[in-house]
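Peer 1: In case you want the letters, here they are:
There are 4 protein chains.
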Amino acid sequence: MKLWGGRFSKNEDEFMEEFNSSISFDIRLFEEDIEGSVGQAYALKKAGILDKDELDKTINALNELYEQYKAGEIKSYDGYEDVHSLIESLLYEKIGDTAYKLHTGRSRNDQVATDMVMYVKKEALNISNLLLNLLDTLIGNAKKYNDIILPGYTHLQRAQPILLSHYLMAYFEMFKRDYIRFKDMLNRIDIMPLGSGALAGSTFPLDRDYEADILGFKCISLNSIDAVSNRDFCLECIFNCTMTMMHMSRISEELILWSTKEFNFIEIDEAYSTGSSMMPQKKNPDSLELARGKTGRVYGDLISLLTVIKGLPLAYNKDMQEDKESTFDAVDTVKICIAMLKRVISSIKVNSGSMLAACKTGYLNATDMADYLTERGIPFRKAHEAVGNIIRYCEEKGETLEDLSLDELKKFSDVFTDDVYGAIDIKNSINKKLTTGSTSQEMVEKTMSIEEEWLKIEKSLM
Amino acid sequence: MKLWGGRFSKNEDEFMEEFNSSISFDIRLFEEDIEGSVGQAYALKKAGILDKDELDKTINALNELYEQYKAGEIKSYDGYEDVHSLIESLLYEKIGDTAYKLHTGRSRNDQVATDMVMYVKKEALNISNLLLNLLDTLIGNAKKYNDIILPGYTHLQRAQPILLSHYLMAYFEMFKRDYIRFKDMLNRIDIMPLGSGALAGSTFPLDRDYEADILGFKCISLNSIDAVSNRDFCLECIFNCTMTMMHMSRISEELILWSTKEFNFIEIDEAYSTGSSMMPQKKNPDSLELARGKTGRVYGDLISLLTVIKGLPLAYNKDMQEDKESTFDAVDTVKICIAMLKRVISSIKVNSGSMLAACKTGYLNATDMADYLTERGIPFRKAHEAVGNIIRYCEEKGETLEDLSLDELKKFSDVFTDDVYGAIDIKNSINKKLTTGSTSQEMVEKTMSIEEEWLKIEKSLM
Amino acid sequence: MKLWGGRFSKNEDEFMEEFNSSISFDIRLFEEDIEGSVGQAYALKKAGILDKDELDKTINALNELYEQYKAGEIKSYDGYEDVHSLIESLLYEKIGDTAYKLHTGRSRNDQVATDMVMYVKKEALNISNLLLNLLDTLIGNAKKYNDIILPGYTHLQRAQPILLSHYLMAYFEMFKRDYIRFKDMLNRIDIMPLGSGALAGSTFPLDRDYEADILGFKCISLNSIDAVSNRDFCLECIFNCTMTMMHMSRISEELILWSTKEFNFIEIDEAYSTGSSMMPQKKNPDSLELARGKTGRVYGDLISLLTVIKGLPLAYNKDMQEDKESTFDAVDTVKICIAMLKRVISSIKVNSGSMLAACKTGYLNATDMADYLTERGIPFRKAHEAVGNIIRYCEEKGETLEDLSLDELKKFSDVFTDDVYGAIDIKNSINKKLTTGSTSQEMVEKTMSIEEEWLKIEKSLM
Amino acid sequence: MKLWGGRFSKNEDEFMEEFNSSISFDIRLFEEDIEGSVGQAYALKKAGILDKDELDKTINALNELYEQYKAGEIKSYDGYEDVHSLIESLLYEKIGDTAYKLHTGRSRNDQVATDMVMYVKKEALNISNLLLNLLDTLIGNAKKYNDIILPGYTHLQRAQPILLSHYLMAYFEMFKRDYIRFKDMLNRIDIMPLGSGALAGSTFPLDRDYEADILGFKCISLNSIDAVSNRDFCLECIFNCTMTMMHMSRISEELILWSTKEFNFIEIDEAYSTGSSMMPQKKNPDSLELARGKTGRVYGDLISLLTVIKGLPLAYNKDMQEDKESTFDAVDTVKICIAMLKRVISSIKVNSGSMLAACKTGYLNATDMADYLTERGIPFRKAHEAVGNIIRYCEEKGETLEDLSLDELKKFSDVFTDDVYGAIDIKNSINKKLTTGSTSQEMVEKTMSIEEEWLKIEKSLM
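Chains as they are written, first to last, in our numbering: chain H, 1 to 462; chain U, 1001 to 1462; chain Z, 2001 to 2462; chain R, 3001 to 3462.
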């Protein structure tokens, strides 16, 4: 059943029909399409196109359809071009000709744009909620592990000792930025296209502000051509998913490394691991590998839609039908991955012993020794060089900085006194950090308390 | 049912099970997995792991399963992790413990790599055939339209008159390159990974060359680690699809332009057009717009898999499970788009009158006039400048080059004589082209005859 | 000159030195690096690391360096690893050992992160200003062309008549969204990383809030690991450039189409066109083609950096050095393209006659006729079908809707009366549009006045 | 100096001139443009456009220009639009009006296409040579390390013991595929566009086959429209670079992991490492991190050009000027990275002790134990499960498989006898692998000898 047959003398090719059809994926907009139609019905009533009776019939039938859909009763939609024609057709079965009035002053162009922005709003909110849950888990674990020490890395080489809480809070910051980015986006995209017609607006006196109010939009679009050809909100949503997945890929990579026999910092719970069909001993961190891998598909979704829209003249072009699958896929992927990550983190077993042991080798306190010299008046560059030389000396002797006697140290700089051993002690190294945002227990607690407060407020606003 | 439960004390999380499962998409490898298992059974027989009776039972059961699958009788595979465990389990139902012998010396790592390369080989051949069909249509239409003249464009500005056959043969060349690229690829990737085990090879004396022979592979992989972690063939296949789609997007763009009211060069058949739900007069070239738009999704597939593989250490990592959907999607898309394009081109109506009329304005013969001067000894740069000035003169007067009198022309260069009018005649302009590959009827016919011969040979090899 | 030689016994390979060096591109951060160092000097003074005299010497020398740089006096920086070592070295030449104190409590990791966020802030502001200028030009031209009528297109087929002002305001909306997106971003990314050290913070009592105040940051980062490994702001900036380029590609495509001989709606000024080395008559819209093409490079920049960051463990990794060229390139490209577009639009010549003529064919008033029937009680779907049939009738007879007699019309529906001809008049068609955001003169003026007010406010805030 | 001024009355805008100019990057085609012009001169002589004297003058002047360019004497080319106008202008300075004859029958469209394909051919050959060198290094090291044992990994979990030579040969296979892919491409793209004019061919009797012969092309293009609008060879070249970089990113990732304190399998030579400006102890594998990171930029180059070409109508459009920087960047990047990797690998220090030690924990011989059971008649699935149970038992007791007594083993399966200990010995585990391509010393040597022979042949062909 098509919404546009009149001027055509030939039938569409069957092959073309399948090629052209979007029902297999835009069926996911059933809810939005029903909701948008409810809004449209009210607006048509106010404009005098539907009378009270027709309105009631229409609304009731739409609600019924939605219930049937939720109950899984609408199963076969083969032969329909898209969700819009499906719903119009089902509506016709219920209320006859009145169903055909619903498309007055509406085109599929503004209809689908409205459906899509409603979908993105709904899902961005869902993702935001999932992110808040993840943030909750991260800060909860940070508090739980606040006294565990491990090496911080740069270039995957041991750099300086840090607190595990500090490490977890780094990811808190990333996913917090993701959350805020979605929130900003939600605020910016909350604009209703409905009432823009095919591209030029409508000759019927539809009160768009009234309709936006019913449909829960903050405001209405101000240019009908832009309204029907705009998919910025899809692209922004996919980009936001992309950023979240990028962060996801980083924490996944890191947890995969940590769960190797070589690092042995953590154990992924068996519930989130799998085995090998050939090697009986294997316990693989599949959940995290998949999350890391799925980053690729969301990057692909982004490039996909960016490519589609590039160079398209105004207004609607059929190419834009390709907006849906990429948006849906990005949203689905990011949702399942956030949920998975939350579970994996919640169930991780931390080997604090291995973490601490790893701090003992690798001269992680070298910077502390350089700082020690600097505090005693040596310009930092010179202090850095001196400690570099001390390390070369240690490497040749197979010793750590702590192993060296004061006499040995004095060969490199005469400002060394006995208190250097305290200055390069690992715990001291951590707690001597004075700047806001640093890894000292005090500062990490300060950050955690600020962020906990922020999280509480955000959750209360949801 | 999992192939690896032994060393695990906990069950997999249900959410994780779904996250991890690939059965919803790798079911498409059913045929390849069966076929690979047949090969494996023969190799196990030769290695003495299966006896004659076990072999027969296994082969028969596998064949039965394939028949059932083709008949649509294997419907519900919920709860299975992937197609490999599904098939093993179904096999067990048929032949009991013997089914469990089939995985001897085989890992899912080499199994899935083998399935995938078999899939890519099969589909690359399918695409090649579709490309040959398209080439057939293009050359057929070129021959049909060999005397139609239209403007050739650069920068979308009218440039020089060309033959419609010449234009169509330009796309012939592109899709021919695509065909050859697939052919080269098929030759390069025809390497069997099976027998590489999880990553290190097998302790069982599997005769891999024998197995390759049964499975129709040209040769076997020479390094087991590489064999299980290699997805180059997927990436190449997607890239080849990308190139074909890129060409598709160019011809689609052009045919969309040509079917505008403004160009009015062609009419897309109604069977490949659709209408508007609001505007009763619309006849939109949806088929071509979709083909152009779908280019984006294949670009996305390419970036998706490139991102997945980037930076993965050897050998198999679960991230690689993400190879399937992008490969499947690229293959499906390019197949349907080639088939669609063939139909659209076959049914196009050409408005030769509009095409010719468009050659009359825009000074398309300006280069011919410059060449005329050059042939009479004026250095090309100077001839170019003179004709540029003549055109400015024409524009001010609102005339074409043909309109100018010899006296007027002589003001710009005294080498002009009466024969200039013949030199700038549109048909002459086309047929005066002398170089191989140019748009003169003679040269286009030469190209068509070479390509027709080539096409015949390729088709005979299929 | 390197900042880290101490522990190394061998020299860096020369080839490696070049491979590793970033000075050829990060020299662009000279200004930011100087500025950041000024902030650092003040913070070190407050922390008691520098005394008053050292501070003054340092600040003066840094200012001198900046002046020298601006004057082009710092030319050769071969052999330096990056802009940071260059500046430290130049500073040492001026003030000796005090220069080496400046790196106290600072690592290149937090230093370069700070430089980059300062760069992005500066350039995002520059882009925002360019966008405001472009918006000015768009609304200015919209007001100028408010009574010009042209066909609105969907699927590149003539759809409904619209005002040229309405069309231009569609792009106003797009670039306005781009502007707001940059503004939102600027607000979100305004966070200072400095003071985060290599990854763990600093042992020196640096007052980071004080430093942020000096450097013009809204706030400071709260986690040192995240601060040095975060490049979200680069990615957001490139994405925002991507969106702007995507809109750029759409308007470019459209103006290129409009300047074809076939559309003939506009003429691109010669100043923004170029010719052909072979064809003397050509006038090509190169400026717009380049803008459309450069969209590709910004998409590439985005994928480039997304790929770099994907899967990187914390904290800093050298891969991140690849953040710069992609960010710089995206920023440069979007800036020059916006500036170019503004000039092209300002100098365009509009052929209003061609635009109006194009409204006469193509049944652009078909929707108006359907609306006419709907207003008289026919359900929209049935009205749509009736008009579809009328058009088929017209096509066979080679007539327009206006050409049909009332008798002919009545064959399709008996509600037609004489007033139908007014209803389908082109000007009426435009002005009968009643919804906010539609193309009627009244509504376009309403939109323009709202947007003009908004623009005035934004410009006053800059 | 422009090649197309005649028909223009206004000057190009200065800003536009800069925007439009490509000389800053296409200067890199100087050599190709000179060479192409030499070919063109000979063809013009044969066609009777140039006489013997003019030919000689032209060739000599072109050769002189090339020498000057190589000697760095052509420095300032500001104000020139592109390399073609620069060379024509320099030629004019040398030989006057004859220079202007050189563009007879040639357009910049076929000229630049020819330059680009010549560039790609040259660089693809360079890359191929670099790849052969790298393969040489890989096989050389494989032979050197043929008795070193390390764990093979899947999912970054220890899987089965392998030989280091086997591991290195895995990368040999990847880079060999890259080499062959370039070779195939070189064969396919070796087609000369010159003589195609602007798009329609040339009216001058240029003998294109003769010209192709002079310029070293295998054959000539058969369709002039395609010839000037084709950039497939650039895209293929970038894609091939992409694949090589993808492999580069994998080996880089792995070597970075191996050089961590945790793995401690290798030491990157100091010459290819760098330090930290803050942490004196750091030795970072920057060379490999950069190679991994630069993968992103080549992915970006690919997307960039794919986006540019998408949807472009025929023939040449200015967007295509954007082909150069992405192609140049991909080529430069892959060349420097291959050269770097060769050096890094050549200078790596292997810690064979750590590698062997890592094989002792992680039950790497579990598969061998399962195979042992299978060889004794237990279906593989059941054997797998039994060993899984044994491992759980070991984990609880903190023992390895070797530690278990025969009595303990018999509790899990009664087929165990004393020979199990030999079957699960690490060296045995490796050498018991029987399949071609597996990790046993015999099979690795077989692969190395096949590949060494192949490499010798390829090098002899270069």
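Worth flagging that the hints you see were computed from the coordinates, not collected in a lab. Hints may contain errors.
[As the list claims (entries may be wrong)] Heads up, simulated DSBU-like pairs for lysine-lysine below, C-alpha to C-alpha not over 30 Å straight-line:
{"#": "1", "chain 1": "U", "residue 1": "Lys1052", "chain 2": "R", "residue 2": "Lys3075"}
{"#": "2", "chain 1": "Z", "residue 1": "Lys2010", "chain 2": "H", "residue 2": "Lys397"}
{"#": "3", "chain 1": "R", "residue 1": "Lys3075", "chain 2": "H", "residue 2": "Lys261"}
{"#": "4", "chain 1": "H", "residue 1": "Lys382", "chain 2": "Z", "residue 2": "Lys2057"}
{"#": "5", "chain 1": "R", "residue 1": "Lys3143", "chain 2": "U", "residue 2": "Lys1010"}
{"#": "6", "chain 1": "U", "residue 1": "Lys1397", "chain 2": "Z", "residue 2": "Lys2283"}
{"#": "7", "chain 1": "Z", "residue 1": "Lys2045", "chain 2": "U", "residue 2": "Lys1349"}
{"#": "8", "chain 1": "Z", "residue 1": "Lys2057", "chain 2": "U", "residue 2": "Lys1261"}
{"#": "9", "chain 1": "R", "residue 1": "Lys3261", "chain 2": "U", "residue 2": "Lys1382"}
{"#": "10", "chain 1": "Z", "residue 1": "Lys2045", "chain 2": "H", "residue 2": "Lys427"}
[Said to hold, decoys possible] Facing chain U, according to a computed beta carbon distance under 10 Å, are these residues of chain H, among others:
{"#": "11", "residue": "Phe8"}
{"#": "12", "residue": "Ser24"}
{"#": "13", "residue": "Arg28"}
{"#": "14", "residue": "Phe30"}
{"#": "15", "residue": "Glu31"}
{"#": "16", "residue": "Lys70"}
{"#": "17", "residue": "Gln111"}
{"#": "18", "residue": "Lys143"}
{"#": "19", "residue": "Ile309"}
For glycine and all other residues, C-beta sits at the position ideal for the given N, C-alpha and C.
Peer 1: Do the alpha carbons of Lys1052(U) and Lys3075(R) lie within 30 Å of each other, as the hint requires?
Peer 2: violated, 79 Å
Peer 1: When you check the alpha-carbon spacing of Lys2045(Z) and Lys1349(U), does it fall within 30 Å?
Peer 2: violated, 81 Å
Peer 1: For the hint on Phe8(H), does the least C-beta distance to chain U fall short of 10 Å?
Peer 2: holds, 5 Å
Peer 1: Can the hint on Gln111(H) be confirmed by a CB-to-CB distance to chain U that is less than 10 Å?
Peer 2: holds, 8 Å
Peer 1: Using the nearest Cβ pair, does Lys70(H) come within less than 10 Å of chain U?
Peer 2: This hint is violated: Lys70(H) lies away from chain U, its Cβ roughly 21 Å from the closest one there, beyond 10 Å.
Peer 1: Is the straight-line distance between the alpha-carbon of Lys3261(R) and that of Lys1382(U) 30 Å or less?
Peer 2: violated, 71 Å
Peer 1: With the threshold set at 30 Å, check whether the alpha-carbon distance from Lys1397(U) to Lys2283(Z) stays at or below it.
Peer 2: Holds, at roughly 18 Å.
Peer 1: Tell me if the straight-line CA distance from Lys3075(R) to Lys261(H) falls inside 30 Å.
Peer 2: With Cα atoms ~58 Å apart, Lys3075(R) and Lys261(H) exceed 30 Å; violated.
Peer 1: For the hint on Phe30(H), does the least C-beta distance to chain U fall short of 10 Å?
Peer 2: violated, 18 Å
Peer 1: Lys3143(R) and Lys1010(U): Cα distance at most 30 Å?
Peer 2: violated, 44 Å
Peer 1: Under 10 Å, Cβ to Cβ, is where Arg28(H) needs to be relative to chain U, so tell me if that hint holds or is violated.
Peer 2: violated, 16 Å
Peer 1: Should the interface hint for Ser24(H) be scored as holding, given a Cβ-Cβ cut-off of 10 Å against chain U?
Peer 2: Violated. Min distance 12 Å.
In this structure, the earlier hints numbered 1, 3, 5, 7, 8, 9, 12, 13, 14, 15, 16 and 18 are contradicted, and the remaining ones agree with it.
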